[in-house]
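Visitor: Chain residues, written in single-letter form:
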Amino acid sequence: MNRDEADPGNPVEAGLDTAIEANELTRKFGAFTAVDRISFDVRQGEVFGFLGANGAGKTTAIRMLTGLLTPSGGSARVAGHDVYTEGEQIKRRIGYMSQRFSLYEDLSPRENIRLYGGIYDLTAAEIRERSAEMLSRLGIEAVGSRPVRELPLGWRQKLAFSVALLHRPSIVFLDEPTSGVDPVTRRQFWELIYEAAGRGTSVLVTTHYMDEAEYCDRLSIMVAGRIAAIGAPAELKKEHGTGSIDDLFVRLARPAVSESKGPA
Amino acid sequence: MSPLVALLRKEAYHIRRDRRTLVVVLALPVVQVLLFGSAIRTDVNRVRLAIVDPAPDEATLELRSRFTATDTFHLVAVVPRASDLDPLFRTSQAQAGVVLPVGFAEDLAGRSPAQVQIIVDATDPNTGSVLRAYIEAVIRGYEQERIRLKPDSTGVTGTSTSPLPAESGFSRITATSRMRFNPTRESSNIFVPGLMAFVLTILASLMTAISLTREKETGTIEALLVSPLRPWSIILGKVLPYLAIGLVAAVAIIAEARLVFDVPLRGSAVLLVGEALLFILASLALGILVSTRTSSQRVAMMGAMLGSMLPNILLSGFIFPIESMPLPLRLISQVVPGQWFVTIARGIMLKGVGLEYLWKETLILGGMAALLLAVSTRAFKARLG
Amino acid sequence: MRRVFFLAQAELLHVVRDRATLAQVLVVPMVQILILANAATFEIRDTRMWVVDLDRTAVSRGLVNRFAASGHFDITGTAPSLDAANEALLRGRATLALIIPRNFEANVARTRRANVELVVNAEKGAAAGIVQAYAGIILGAYSAELAHRRPSGFGSAGPGGAAPRIDIRYRSRYNPTLNYQHYMVPGLLVALVTMIGTLLTAQNIAREKELGTLEQLNVTPITRGQFIAGKLLPFWLVGLIELALGLTLGVLVFDVPVRGSVFLLFGVAGLYLLVALGIGLWISTIVDTQQQAMFVAFFIINIYMLMSGLFTPIDSMAPWAQAAAELNPVRHFVAISRAILIKGAGLSDIARPLTFLAVFAAVVLTSAVLQYRKRAA
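Residue numbers (our numbering), protein chains in the order written: chain Z, 1 to 264; chain F, 1 to 385; chain B, 1 to 377.
Everything labelled a hint here was simulated from the structure, so no lab data went into it. Errors might be hidden in some of the hints.
[Stated by the list, open to error] So the derived label-pair ranges between C-beta atoms look like this:
1) 232(F) to 367(B): 46 to 52 Å
2) 150(Z) to 360(F): 35 to 41 Å
3) 352(B) to 57(F): 31 to 37 Å
4) 367(B) to 259(F): 33 to 39 Å
Remember, predicted model here, so these are calculated numbers, not experimental data. We put the beta carbon where it would ideally sit given N, CA and C, even for glycine.
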């Protein structure tokens, strides 16, 4: 897949090398530290994976980066803007797909697209155009006017993803986009992700499926709010001497256990 | 531990953890009693009166002073023309007006009767009637005074012990009024039974319905159904906590009413609580019934409100007397459990009667409770089955 | 601005498609008005009374006839003794007992003073006062009649002329037929609009919170003001439509008069709705689930309604309660609604309550906008 070629029909805000940078980013809830001084960066056009078990702090991290939650400490810049002070500018340039399905189930795909298109200030013509394009790309023109709740889960997820990209953001955040979805659909999903990345969109995706780690350009593994490992999949495996990211994760998450197991 | 106890514990956790609902549920009876005890009244006092006096003379001035002499009236304006009353009415500055004639003193001294007109803002017809009575009483009292003072006219005195204002009932016919069962006509005395019905329907019907449908909505009920629990245990586990809460609320309301507002309880408290129990059971059954018809919490809430709360407030005689309602509604009120409970509770609290007077109503209330419970449990089992 | 329109459109689609909401918005309120307007009345009609006439003379019978002919009382029984009458009251068979003592006629003629006894079942509170008032009027009228009718004895012409006499005429302004429904329906319309406004808004936004769709909106560049406007606009429209439907129903079914300007009424309603919606919005920010939203909204609405003069007059409340009621927007709109519809009030007449509403609207909306946070702290 050639990601250096930006699709000429879809200009993306270029110019910045670093899409996201975080430095000692922290979030506490009372005495509990959900995100503990994480530092990482995501380069433009990269697919960056946030791996970790449930409760490791991935969603909290994303919510801070998307302006849904104020950090307790540290700093971060998204699309060149400071998350503390320039939250609203950030929102113009990012897309987001939350863990819970958050399109309106009683509205149709077309109506959902119209809504978000309008909110992102797309013109009527743009909305029409992109709506048709999206529905045909996903193959759901036939049910484009039926309520979203009638779509099976996999299609819904793909729709939500596409809507997140509707306004051609330069960065898109995906929080566990493939949860509960069958393997075939998962594969299709990642094709969509690659397409987006191919157009120059940076993708930050969290997942707890370790096999998806292999699909990322780089990844980080979060354990109990800290980043335990960060880098390209191949490098990480070599560095830690594990055959798969899965094994690496197990080793990092449960050092006592993996020690007794010995090297993979 | 028996599965039923486990279920009860779970339900208790639910209730305790939903803090906001809990606060509302606890605060509701307390606030309601407070409101009804001190704010909701129907007595008429400090009537805002305007007087139209086109040609003041000593008689009109005298009559005017009769009005200002009492606390019952508050003279807001004296105007020269009757048409001046309208703006005062429209802004609600005045509730009533008295139009005095030109030459009032002459009329009273001479042969022709003096024409006085009472104009009342009858937007609220009931207040209007009471205002009329009060004003007429003052006028008649003045008439009587003048008659007494006039030489050769026979003096008439009358004493009145009626609670109407001092210069009351002109009449040579006076009335001694006795208010039975509620001598001070305290509004607070009569609301407690209705209030109990109101709060209990919320607790027993509404919350039960919502609790049951919430389990359906979230799917947790399926886990319960595949467990070895019998259907009746599930129902019981859901329902008992609200029964307990209802009883506690009933007792709390009675206690608050007695302690804070001195509401009488002339009959047996035990009987009262027993009757409340019957009513709670009926309400619980309604809640269960509503929950069998839907798996959406919102619809359950609407259903419980329509089917249980509203009838129990409106058609139980809580605020609005049933005798004043048109026939169809009076008939419907006969099948509303709240109506029977309010009658019984009032009887016990205000009249001090016991089962010997209330056996019929108790039987009906009990019968309703039993019937509703039977129907609802059957419906619930059918749904589960 | 476009964003507001898009959001409002989506919101409207929701409402229209959700059958439960539609029922809540259309059917339930109409049913409520129909039932409430019929049930919510303190009107006294055919009050059952018992008569204990121990005198049995023309004068005493005359009095009894006056009661029977008044249209307010229904003489359902006579008793030979006080005890029997008391029993009737105890058993709820009568609300009023009139006890005319022996020598009533004789007393009237001789001493010109006679006393009767009225025993009222005050169990039901409100009714008792009104019953007493009506009885008082009947007694007063009868006595006046007696006084001026007698050819001999009192009231005769002496050297000073006829006895002073006052003829009292009586007018019920704005509601000559004393129709209780005309009084209730304008207030009920307010209740309706309030429920839609506050309850629905609170519930709806709380549901979005629960489902997670709210988060998706928070991530967009939409501003707080635009969000609130977009969310509230459909409910604002729905509220006005409700009012129109309810008013139509009131006019068609209950003959409610419309003496003032309908435009003025709807203008005020528009303002009032802002307050009601704002409160609903505020509620949605302090709850997590739909259920909580419903309970809290219900609790607050309940208090507002009871203290609004809708069911019981504000004038009857204790002074502190009356003062508190000034802060109740429902109270003001109820007063305005009644003033416009029943009394034909114009803008200047309702200036005072209108000012209250305007201030409330400004305060509530400003704090709603300020309080709403797209980002959690």
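Visitor: Evaluate each hint against the coordinates.
Guide: Tested hints:
1. 232(F) to 367(B): 46 to 52 Å: holds, 50 Å
2. 150(Z) to 360(F): 35 to 41 Å: This hint is violated: roughly 56 Å between Cβ atoms.
3. 352(B) to 57(F): 31 to 37 Å: holds, 35 Å
4. 367(B) to 259(F): 33 to 39 Å: holds, 37 Å
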